[in-house]
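From first to last, the protein sequence lines stand for chains A and B. Read in order, the letters of the first sequence are residues 1 to 224 in my numbering. Read in order, the letters of the second sequence are residues 1 to 224 in my numbering.
Hints listed in this document are in silico derivations from the structure and should not be mistaken for laboratory results. Take the hints with a grain of salt, since some may be wrong.
To be verified - Part of the chain A face toward chain B, derived, beta carbon under 7 angstroms:
1) V3
2) H34
3) T83
4) F97
5) P142
6) L151
7) D177
8) W180
9) P185
10) V205
11) P207
12) V209
Positions of the beta carbon are idealized from the N, C-alpha and C atoms, including for glycine.
2 protein chains.
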Amino acid sequence: MQVTDRTRFTRYGHRQVTDRAALHDVLDSALVAHVAVVREAPTPAAVVLPIASARDGESLLLHGSTGGGLLRAAAAGQTVTATVTVLDGVVYARTVFDSSMNYRCAVVYGVPTVVPDEEKEEALRVLSEHLMPGRWDEVRPPTRRELAATLVLRLPLEEASVKVRAAGASEDEAEDDAVWAGVLPLHTAVGAPRTGDDVPAGVEVPPSVTSGAHRLAGWVPPYR
Amino acid sequence: MQVTDRTRFTRYGHRQVTDRAALHDVLDSALVAHVAVVREAPTPAAVVLPIASARDGESLLLHGSTGGGLLRAAAAGQTVTATVTVLDGVVYARTVFDSSMNYRCAVVYGVPTVVPDEEKEEALRVLSEHLMPGRWDEVRPPTRRELAATLVLRLPLEEASVKVRAAGASEDEAEDDAVWAGVLPLHTAVGAPRTGDDVPAGVEVPPSVTSGAHRLAGWVPPYR
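Next comes chain A alone, as it looks inside the complex (with noise of 0.2 angstroms):
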């Protein structure tokens, strides 16, 4: 992808990634996107809000309730922008100043666009098969009031970046060995899932949830 003024590193230029791939596997690894448009009143200011989201080739899907005033503002031709953060593990160098994080971080911008009527069930069922896979066909489809109260948005992947640290502890200069130094690794891991009071018995816990926490549990990253 194309490297602009905005998305060019000052520094740490060796941790810039370029290629679609990375990109997708950051917006792929997460669930939620902290989504940022600026509002002048008060004073000029950026609203941050973690906003569910999923990718669709290449294009980030965002979606909340027409109600929402994020999305509402987002959908109204600024540019936005998407920040996807998977933090890796804790980085325990032999100074505090050494140690740091792995993580894998885009950040995309773009004007965004609402996705129209007539592909907003299409729209949804992606975002439904990333955030609960498996959820959609166990449930009954969307009605057109459902719809038409859901905005979701189009976020092209034009004007991105990527950045990973994925290594273990190094210091500047030479340190006592005495003192270790490593990786304590991070994930995202799921619990047992909880069935709601009114559930009656019998009411087994279905496969999108079952299998859903064996996905979530494989984001086990590889060493970083």
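With the hints as your guide, set chain B onto chain A.
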């Protein structure tokens, strides 16, 4: 805390939490904040990046290299936004439309101050104790050169909002109760520590990593 035009929710007002304990809980439950500044060119847009953060009383400390573009911009007097999100679960309702996520999210607006030289080591200790509890006392203190190369910002917790969803599934209307509904809890978990290749045989994994690991694993929230 005070609710301003910027922090008042336009919808789901019942999820707005205004006590400081809830704000502290969110900030204490994550390793990074998504920090945003406004960049005017080529089009007004937010720059949003993850920054390692830690709460220090009634402020949020953010730190990085003095060479980092985002922190430098954040130190220049503009209003900065710091959003901290903890995902606690995927909520499987009986419809896709009613499905949701359990989460805790804090948004802080403010103009950060640069932590002065004489307070920087203590601020870094607070950050270190949050990010790698116990590590500070296992390694040598930072040098003057290291302190000089580190920028620490202090963002006051004066204008902030907290939003929490911590509940089971529910639907707007009666749905087929043969469909399972419930919550798949999510939490951050740690893997086995990975010792660096250059660590001599016999250097054991220190308490900061083993006990820190337990603390991170202890993030599993109560039912949400």
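Quick rundown of the hints versus the structure:
no. : hint : verdict
1   : V3   : violated (14 angstroms)
2   : H34  : holds (4 angstroms)
3   : T83  : holds (4 angstroms)
4   : F97  : holds (4 angstroms)
5   : P142 : holds (6 angstroms)
6   : L151 : violated (12 angstroms)
7   : D177 : holds (6 angstroms)
8   : W180 : holds (5 angstroms)
9   : P185 : holds (4 angstroms)
10  : V205 : holds (6 angstroms)
11  : P207 : violated (10 angstroms)
12  : V209 : holds (6 angstroms)
Checked against the numbered hints listed earlier, the structure breaks hints 1, 6 and 11; every other hint is satisfied.
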